[in-house]
Amino acid sequence: MNDKTDSSHEVLEFDVLVIGGGTAGPMAGVRAKEMNPKLRVAVLEKANVKRSGCISMGMDGLNNAVIPGHATPEQYVKEITVANDGIVNQKTIMAYATRSYDMINTLDKWGVKFEKDETGDYNVKKVHHMGAYVLPMPEGHHMKKILYRQLRKKRVSVINRFMATRLFKGKDGAIAGAHVVNPRTAETAVIKAKTVILCTGAAGRLGMPTSGYLFGTYENPTNAGDGYSMAYHVGAELSGLECYQINPLIKDYNGPACAYVTGPMGGYTANSKGDRFIECDYWSGQMMLEFYKELEGGNGPVFLKIDHLAEETISEIEVILHSNERPSRGRFHENRGTNYRERMVEMHISEIGFCSGHSASGIWTDENARTTIPGLYAAGDCGSVPHNYMLGAFVYGAIAAEDAVKYCAEHEQCEIDSAEIAAEKARVLAPLQVKDGIPAEQMEYKIRRLVNDYLQPPKVTKKMEIGMERFAEIRADLPMLQANDPHELMRAMEVHFILDCAEMAATASMYRTESRWGLYHYYVDHPDTDDEKWMCHVQTKKGADGLPECSTRPIEPYIVELDEEEMSAYKKLRVSDDDTTETAGV
Amino acid sequence: MPLIQSSSRAPVTINSEACIADKGCTVCVDVCPLDLLVIDMANGTAVMKYDECWYCLPCELDCPTDAVSVEIPYLLK
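Same order as they appear, the protein sequences are chains F and R.
Numbers 1 to 586, taken from our numbering, label the letters of the first sequence in order.
Numbers 1 to 77, taken from our numbering, label the letters of the second sequence in order.
If you are wondering where the hints come from, they were derived from the structure by calculation, not from laboratory data.
All residues carry an ideal CB built from backbone N, CA and C; glycine is no exception.
Worth double-checking, as some hints may not be accurate.
[Stated by the list, open to error] With a cut-off of at most 27 Å between alpha-carbon atoms, the simulated DSSO-like pairs for lysine-lysine come out as follows:
(1) 49(R) x 435(F)
(2) 145(F) x 116(F)
(3) 446(F) x 23(R)
(4) 91(F) x 571(F)
(5) 77(R) x 251(F)
(6) 145(F) x 23(R)
(7) 49(R) x 154(F)
(8) 77(R) x 273(F)
[Claimed, not checked] Covered by chain F, per the in silico footprint, the following chain R stretches (three or more residues, Cβ under 8 Å):
(9) 1 to 7
(10) 13 to 21
(11) 47 to 58
(12) 66 to 73
[As the list claims (entries may be wrong)] One side only, chain F facing chain R, incomplete, derived with CB under 10 Å:
(13) 144
(14) 153
(15) 155
(16) 157
(17) 174
(18) 183
(19) 186
(20) 211
(21) 252
(22) 487
(23) 488
If we strip away everything but chain F, and leave its shape as in the complex, we get (with noise of 0.2 Å):
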């Protein structure tokens, strides 16, 4: 890509542009080529395909595995239903949920390793609270080799190392391609495209973590937030921002332990005196909420207790937590001296972000991936499909990548605006030629400073406001950004994007005036749940005012009906007082 003169720009064009090589960004390119293999077909990636996304490491195991003899569709869609506080569209769970199978058995197929049992049937344990959905994968860490493989394999044109800044619409509103600048280099190009799958992972740098390592943080550091910013400056809704995701991790180090790896093997959450206090380790906000009271509380601080168990069964939890997903994990115990055998292993809680993967904050989609924007897709972590995991982002990928090639047989390539083109060319490049302004780094460390201090749970209407003052001002600073080089001009790209979030999340959060989701949600002023007037989803979409504006948005029939006794499960996650003399030590 060449880029000689402020006017120019190189322009390149396919039918199906997938932004984001992660998780659900390969499989949208390879299962697109499956389809058709004429169309022109990208997955365009910040960084490099082989070992992108927050998979980059591979996976210990798949979280939602819907598989005949263990699980149905019509459970888990119940069991997410319940976990998300009845805040879902069904549709797009069950659509998730009748193809999961399938999807496991293409993985298979490719080479991934999940567990079986003697018979060569999937080893299935159980960690949520009603159905068994959990496969472990203990040799996971082949992913993304595999995906790679796929890739290569189905001719899908990839693109290293080069980020999208801003989606362009057509005259009439539909998808027409996306802006983009090459982080080692600042050129720039415009990729024109009859559709734009979004694939571009959670929002994972809006809270700071407590060790205030800025890169510290749950998700992979890439994923800034860029395709909910880019979505909503293209006009497209976003719905349940406010269902932030929290997760329980190891402290100061950003891997998870419990629920589905040492869970099945005997491992659980315990307080200071190695009692178990929550009855289901599976992630959801009211197991949060339980985990947040319990490390505040006089029994705090919480802690994985596994030291109980046999030396065989410890051998294995290592070989798995040191070798997949997030692999330095051993070496963190090493350094502080910390023995599985021999002591708990303290935790705590991440900072905030955006993620349906494991909450339910995503850009708008329905059970075809499709956006509110015609030819924009969304799928993975940035999708809003609640509780979607890993395997989820493969099936929404496949989702997506289907029904984008029918839009492409059915549409033609939109024009772009020139002007537009170069107003955005312009906004990328600007903090190059800024003299004695301010760093991203600082800017960065102000903004997801503040969102800790103002943002994040127990939510309080004053403090969200002053956040969003605080947020204005540095909105107006936003002209000082100043790069040095190529890669400074990548994170100062990623602080709009993650300002952007942090307005979103705020106002998102004060719109919905009552509590949901446990801690996710947990608003001081607004302490009950509040069913006849907040069961619905809350949307956000960029306002006339260039501010995020909010509404409601019915709530689909439902396609699976729930008891009462069914709908309060999650409720009752705290072991009671009679219990945790019986369940410590189990």
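Once you've looked at the hints, dock chain R against the given chain F.
Okay, now just chain R, sitting in the frame of chain F:
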């Protein structure tokens, strides 16, 4: 206000004896999701240029000569 530089301890260390960047190898630079490593052409070795490490380890595990070692960043060690 003028800008000043401040130092930080790099979590990624490259053993320049073992590194074969002078033979054209760029594996660690290619796989870093945050694009933090560069090739120092003058010395023919890879180096960490930016302290934005996720300690995710592809650089260390994918290096063909075991030249890369990753420490947990000091702030959270």
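Tested hints:
About 21 Å separates the Cα atoms of residue 49(R) and residue 435(F), which keeps this hinted pair within 27 Å; it holds. Restraint check for residue 145(F) and residue 116(F): the C-alpha separation of about 21 Å stays at or below 27 Å, so the hint holds. Straight-line distance between C-alpha atoms of residue 446(F) and residue 23(R) comes to about 42 Å, which puts the hinted pair past the 27 Å bound. Proximity of residue 91(F) to residue 571(F) is assessed by CA-CA distance (about 24 Å); at most 27 Å being required, the pair is judged to hold.
As the CA atoms of residue 77(R) and residue 251(F) are separated by approximately 11 Å, the hinted pair is consistent with the 27 Å bound. Between residue 145(F) and residue 23(R) the alpha-carbon distance is near 24 Å, which keeps this suggested pair within the 27 Å criterion. In summary, the hint linking residue 49(R) to residue 154(F) is not supported, as the alpha carbons are separated by about 35 Å, beyond the 27 Å threshold. Distance check on the hinted pair: residue 77(R) and residue 273(F) sit about 25 Å apart at the alpha-carbon level, within 27 Å; holds.
Only when three residues or more bring their CB closer than 8 Å to a CB of chain F does the claim for the stretch 1 to 7 of chain R stand; here the count is 3, and the claim holds. Interface restraint, the stretch 13 to 21 of chain R with chain F: violated (0 residues with C-beta to C-beta distance below 8 Å; minimum three). Chain F is given as covering the stretch 47 to 58 of chain R, and this holds because 9 residues of the stretch bring a CB closer than 8 Å to a CB of that chain, at least three being needed. Under the rule that three or more residues need a Cβ within less than 8 Å of chain F, the assignment of the stretch 66 to 73 of chain R holds, with 4 such residues.
Taking 10 Å as the C-beta contact cut-off toward chain R, the hint placing residue 144(F) at the interface holds, the least distance being around 9 Å. A least Cβ separation of about 20 Å between residue 153(F) and chain R goes past the 10 Å threshold, and the interface hint is therefore violated. Annotation: residue 155(F) was flagged as interfacial toward chain R, and the flag is violated, the nearest CB pair being 21 Å apart, outside 10 Å. Below 10 Å, beta-carbon pairs count as interface contacts, and residue 157(F) has none with chain R, the closest being about 18 Å; its hint is therefore violated.
For residue 174(F), the suggested interface contact is broken, since its CB lies about 32 Å from the closest CB of chain R, more than 10 Å. For residue 183(F), the suggested interface contact is upheld, since its CB lies about 6 Å from the closest CB of chain R, less than 10 Å. The criterion of a C-beta within 10 Å of any C-beta in chain R is not met by residue 186(F), whose closest approach is roughly 13 Å, and the hint is violated. For residue 211(F), the suggested interface contact is upheld, since its CB lies about 4 Å from the closest CB of chain R, less than 10 Å.
The restraint placing residue 252(F) at the interface with chain R holds, with a minimum CB-CB distance near 4 Å, inside the 10 Å limit. With its C-beta approaching chain R no nearer than about 6 Å, residue 487(F) sits inside the 10 Å limit, and its interface hint holds. Annotation: interface hint on residue 488(F) holds; nearest CB of chain R at approximately 8 Å, less than 10 Å.
Hints 3, 7, 10, 14, 15, 16, 17, 19, counting from the list given before, are not met by this structure.
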